[in-house]
Every structure is written in structure tokens, then in C-alpha cells.
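Chemist: Here is how the chains run, residue by residue.
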Amino acid sequence: MISNNPTRCAACRFLRRRCPQDCVLAPYFPSSNPERFACVHKIFGAGNITKMLEQLPVHLREAAADSMFYEASLRVEDPVYGCVRIISQLQHHILEAQSEILKTNGQIASYIAQQQLQQQQQNVVDGASYQQDMQISEYLGVGSDVQTLANDSYFHP
Amino acid sequence: MNPTNPNGGDGSGGGSSSSGGGGTGSGSPCGACKFLRRKCVPGCIFAPYFDSEQGAAHFAAVHKVFGASNVSKLLLHIPVHKRLDAVVTICYEAQARLRDPVYGCVAHIFALQQQVVNLQAELSYLQAHLATMELPSPPPPPPPPSAAALITPPQFSISDLPSAVSSMPASYDLSSLFEPMVMQPWAMQQRALHDPRHHHQFGGGSSGPGSPAGGGGGDLQSLARELLHRHSSSPSPGSVPCSEGSPSHSHPK
Numbered sequence: 001m002i003s004n005n006p007t008r009c010a011a012c013r014f015l016r017r018r019c020p021q022d023c024v025l026a027p028y029f030p031s032s033n034p035e036r037f038a039c040v041h042k043i044f045g046a047g048n049i050t051k052m053l054e055q056l057p058v059h060l061r062e063a064a065a066d067s068m069f070y071e072a073s074l075r076v077e078d079p080v081y082g083c084v085r086i087i088s089q090l091q092h093h094i095l096e097a098q099s100e101i102l103k104t105n106g107q108i109a110s111y112i113a114q115q116q117l118q119q120q121q122q123n124v125v126d127g128a129s130y131q132q133d134m135q136i137s138e139y140l141g142v143g144s145d146v147q148t149l150a151n152d153s154y155f156h157p
Numbered sequence: 001m002n003p004t005n006p007n008g009g010d011g012s013g014g015g016s017s018s019s020g021g022g023g024t025g026s027g028s029p030c031g032a033c034k035f036l037r038r039k040c041v042p043g044c045i046f047a048p049y050f051d052s053e054q055g056a057a058h059f060a061a062v063h064k065v066f067g068a069s070n071v072s073k074l075l076l077h078i079p080v081h082k083r084l085d086a087v088v089t090i091c092y093e094a095q096a097r098l099r100d101p102v103y104g105c106v107a108h109i110f111a112l113q114q115q116v117v118n119l120q121a122e123l124s125y126l127q128a129h130l131a132t133m134e135l136p137s138p139p140p141p142p143p144p145p146s147a148a149a150l151i152t153p154p155q156f157s158i159s160d161l162p163s164a165v166s167s168m169p170a171s172y173d174l175s176s177l178f179e180p181m182v183m184q185p186w187a188m189q190q191r192a193l194h195d196p197r198h199h200h201q202f203g204g205g206s207s208g209p210g211s212p213a214g215g216g217g218g219d220l221q222s223l224a225r226e227l228l229h230r231h232s233s234s235p236s237p238g239s240v241p242c243s244e245g246s247p248s249h250s251h252p253k
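Chains as they are written, first to last, in full-length UniProt numbering: chain A, 1 to 157; chain B, 1 to 253.
For the record, the hints were derived by calculation from the structure and aren't laboratory data.
Glycine is no exception: its CB is placed at the ideal position from the N, C-alpha and C atoms.
A few of these clues could be false.
Unchecked claim - In silico DSBU-like links for lysine-lysine, alpha-carbon gap of 30 Å or less:
| hint | chain 1 | residue 1 | chain 2 | residue 2 |
| --- | --- | --- | --- | --- |
| 1 | B | Lys34 | A | Lys103 |
| 2 | A | Lys51 | B | Lys64 |
| 3 | A | Lys42 | B | Lys64 |
| 4 | B | Lys39 | B | Lys64 |
| 5 | B | Lys34 | B | Lys64 |
| 6 | B | Lys64 | B | Lys82 |
| 7 | B | Lys39 | A | Lys103 |
| 8 | B | Lys82 | B | Lys39 |
| 9 | B | Lys39 | A | Lys42 |
| 10 | B | Lys73 | A | Lys42 |
| 11 | B | Lys34 | A | Lys51 |
| 12 | B | Lys34 | B | Lys82 |
| 13 | A | Lys51 | B | Lys73 |
| 14 | B | Lys39 | B | Lys73 |
| 15 | B | Lys34 | A | Lys42 |
As the list claims (entries may be wrong) - Selected chain B positions facing chain A (in silico; Cβ < 10 Å):
| hint | residue |
| --- | --- |
| 16 | Glu53 |
| 17 | Lys64 |
| 18 | Ser157 |
| 19 | Leu161 |
Produce the entire structure from the sequences given, and follow the hints as far as they go.
Modeler: Put into C-alpha cells, the structure is as follows:
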């Protein structure tokens with residue numbers, strides 16, 4: 001003789017039946033949360049929930065019950081799109097983030113290019129200044145160091 | 001096939017059907033009534049969405065997961081011009097649940113959420129890098145997020161998932177539902193957390209958790225194309241602007 005649960009689970013209470021000790025639904029639909037089962041029952045139906053849980057190993061049933069409740073609650077909230085509403089929003093977030101990443105990468109690349117250009121320009125100026133010093137030194141027959149010092153003292157007295 | 005205008009009946013019970021009284025108007029029962037082995041009456045609520053050729057197979061999944069009665073009640077409460085979208089999303093959820101009896105389409109949501117987190121981490125890193133470049137004497141750029149941080153998913157639980165959100169997307173691209181998502185790695189990892197022997201074969205119509213998402217995605221893509229194409233020739237006002245054929249969204253990284 002199968003003994004009954006002293007407190008019927010939410011599923012058995014909703015279905016107005018006795019709740020056996022080995023009730024498949026009892027661990028996942030406690031009597032403290034009747035709305036949870038009502039929501040899942042509305043979308044999936046008690047028979048389907050029981051069948052689906054029974055087909056799973058015990059250690060996976062809680063996750064299955066939770067995911068069914070999540071799906072059912074979204075479907076109750078939005079009868080047309082259900083979970084697809086969340087999926088669409090997440091896909092939208094993904095597109096936004098990808099767009100921002102592209103934009104930021106572009107900014108970084110632009111910044112690097114700008115720095116490189118400035119560096120190149122500086123190198124050209126330094127190179128031209130050095131060449132000029134060398135030419136003057138050769139003309140005057142003095143070392144470039146002396147000529148540079150002379151230039152410096154002239155331009156920076 | 002043009003959508004009929006159901007008058008509140010869900011097609012159950014023997015009605016005053018003539019020999020050619022199928023809900024589709026073509027004389028043959030719709031896929032749902034064919035599966036249920038009942039007469040398809042004019043005004044059958046399922047007839048516009050489940051044709052007699054392949055509709056029976058699609059309806060089988062819906063019936064197995066949700067039940068014909070529940071789906072009928074659901075559709076009755078939805079305006080006619082929205083029912084096609086509802087059928088597509090219901091079929092998607094049913095197929096996903098059969099393919100993954102534990103998480104169903106929630107696995108897809110988890111995978112997308114993971115992708116969002118990864119992209120946001122990458123964006124934060126890049127923005128910090130840009131900020132350091134703009135400083136007068138920039139310090140060394142921050143170390144990039146480690147590969148482990150990017151690849152190892154945070155342990156999402158269902159309570160972390162978004163609940164009803166007030167803002168609705170401007171449009172729903174239902175064909176993107178059926179992209180062969182990379183759902184398996186996350187789902188398999190979750191199962192591994194619960195059971196190292198995660199390659200279980202469950203009963204029912206599921207093809208097993210180890211099957212690649214691409215195969216299932218292909219079935220779902222054909223389903224979406226079939227349903228959407230059938231109604232694209234006779235667009236109804238308020239129909240969702242859906243892209244047909246190849247999905248418009250990029251594949252996840």
C-alpha cells in the first residue's frame with residue numbers, strides 16, 4: 001500500500017488527487033508554490049510534465065522542471081512569442097556589442113595610425129636636421145658635433 | 001494555402017463535415033487532424049499551419065510536448081494575424097525540448113547570454129585599452145582577458161535568466177531562431193556538472209544530447225522556411241517582417 005504525502009504537493013493539490021510518497025512531481029512542485037505548477041500545467045499539461053520528467057534521470061529532473069517553468073512563464077507572459085522574445089532581445093544585445101567592438105577597434109587602429117604618422121614625420125624632421133648638420137660640417141671642415149653645438153648656441157643663446 | 005477564419009472551434013469532435021470537409025479546403029485532413037486521426041472540420045484551428053504532407057510530423061512534436069488541447073486553447077486566445085508566429089515559436093520550443101529534454105530552448109538562451117557576457121568583456125577591455133592610449137603618458141595597456149575567462153562560461157542558473165522585459169523588439173526575425181547554434185558545449189558542460197556520464201540517451205523522440213546542433217538546426221530551419229514561405233505569398237497585415245531563407249544574424253563567435 002503506497003502511503004501518501006501528509007502534505008500534498010502543489011501538483012496533486014491542483015489536480016485534486018492523492019499525493020503518493022513516490023510522486024514524481026512532488027520534489028519540484030512544492031505546496032508552498034502553487035503558482036509554479038499552475039503555470040507549467042497551463043502550457044505543458046500535467047501528463048506531459050510527468051512523462052518528460054519520468055524519462056529523465058533523477059539528478060536532471062530539477063533542471064528540467066526549472067527550465068519548463070521558465071519556458072511556461074514566458075509563454076504565459078507572451079502567448080505569441082514566449083521564449084523567443086528573450087532570444088530576440090539577446091540577439092539584439094549581441095549585435096549591439098559586436099558593433100561597439102568594431103567601432104572601438106576602429107578608434108584604436110586610427111589612434112595607432114595617427115601615432116605612427118607623427119613618429120614618421122618626426123623621424124623625417126630629425127633626419128633632415130642631421131643631414132644639414134653633416135653638410136655644413138663638411139663644408140666648414142669641422143666635426144658635426146662642434147657644428148651642432150654652434151647651431152644650438154646660435155638658436156638658443 | 002490561405003489561412004482560414006476559424007470560428008472558435010478547435011476542430012475537435014465530429015462536426016457537420018462533408019466528404020470534402022477538410023479544414024484545408026482541399027479535401028484532405030490537415031497535418032494535425034491526420035496525426036490525431038480525426039475529421040478535419042472546416043475552421044480547424046490547426047489547418048492553416050499544419051499541412052497534410054509534412055505538418056503531421058511537425059504537429060507530432062508539438063503534441064508530444066504541449067498537447068493538442070493546450071495548443072488549441074493557446075491559439076484561440078491569440079488574434080488570427082498573430083497565430084502563425086505563435087505556431088512557429090511553439091514548434092521551435094517543442095523541437096528544442098525533444099532535442100534537449102532537460103533544457104529545451106533554454107539552452108539556446110543560455111548560450112546567447114554567455115555570448116553577450118563574452119562580448120561585453122571584450123568591449124570593456126578594448127575601451128580600457130583605448131582610454132590608456134589617450135592618456136598623455138599612457139601606462140601599459142591592461143592585460144587582455146585571459147583565454148580561460150573568455151572561454152570558461154560563468155555558471156549561469158535559470159534564476160539568472162532574464163524574466164519578462166518591458167521593452168519588446170521592434171520585429172522578430174523568426175528565421176534566425178533556427179540557426180545551428182553552438183548550444184551543445186554549454187549544455188554538455190552543464191550535464192557534466194551533474195553527471196560525468198553525460199552522454200545519456202533519453203526516451204522519446206530526442207536524438208540525444210550528443211548530437212550536433214547543426215542537424216537539429218537544419219530541421220528547424222526547414223520548418224521555419226516551410227511555415228513562413230507558405231504564408232509569405234499571402235501576407236496579412238501586422239505580419240512580422242521576417243527574413244526568409246538564410247538567417248540574417250551573424251553566427252556566434
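Chemist: State for each hint whether it applies.
Modeler: Hints, verified against the model:
{"no.": "1", "hint": "B:Lys34 - A:Lys103", "result": "violated (54 Å)"}
{"no.": "2", "hint": "A:Lys51 - B:Lys64", "result": "holds (10 Å)"}
{"no.": "3", "hint": "A:Lys42 - B:Lys64", "result": "holds (15 Å)"}
{"no.": "4", "hint": "B:Lys39 - B:Lys64", "result": "holds (20 Å)"}
{"no.": "5", "hint": "B:Lys34 - B:Lys64", "result": "holds (15 Å)"}
{"no.": "6", "hint": "B:Lys64 - B:Lys82", "result": "holds (23 Å)"}
{"no.": "7", "hint": "B:Lys39 - A:Lys103", "result": "violated (59 Å)"}
{"no.": "8", "hint": "B:Lys82 - B:Lys39", "result": "holds (25 Å)"}
{"no.": "9", "hint": "B:Lys39 - A:Lys42", "result": "holds (26 Å)"}
{"no.": "10", "hint": "B:Lys73 - A:Lys42", "result": "holds (10 Å)"}
{"no.": "11", "hint": "B:Lys34 - A:Lys51", "result": "holds (23 Å)"}
{"no.": "12", "hint": "B:Lys34 - B:Lys82", "result": "holds (24 Å)"}
{"no.": "13", "hint": "A:Lys51 - B:Lys73", "result": "holds (21 Å)"}
{"no.": "14", "hint": "B:Lys39 - B:Lys73", "result": "holds (19 Å)"}
{"no.": "15", "hint": "B:Lys34 - A:Lys42", "result": "holds (25 Å)"}
{"no.": "16", "hint": "Glu53", "result": "violated (25 Å)"}
{"no.": "17", "hint": "Lys64", "result": "holds (7 Å)"}
{"no.": "18", "hint": "Ser157", "result": "holds (8 Å)"}
{"no.": "19", "hint": "Leu161", "result": "holds (6 Å)"}
The structure does not agree with the numbered hints 1, 7, 16 stated previously, though it agrees with the rest.
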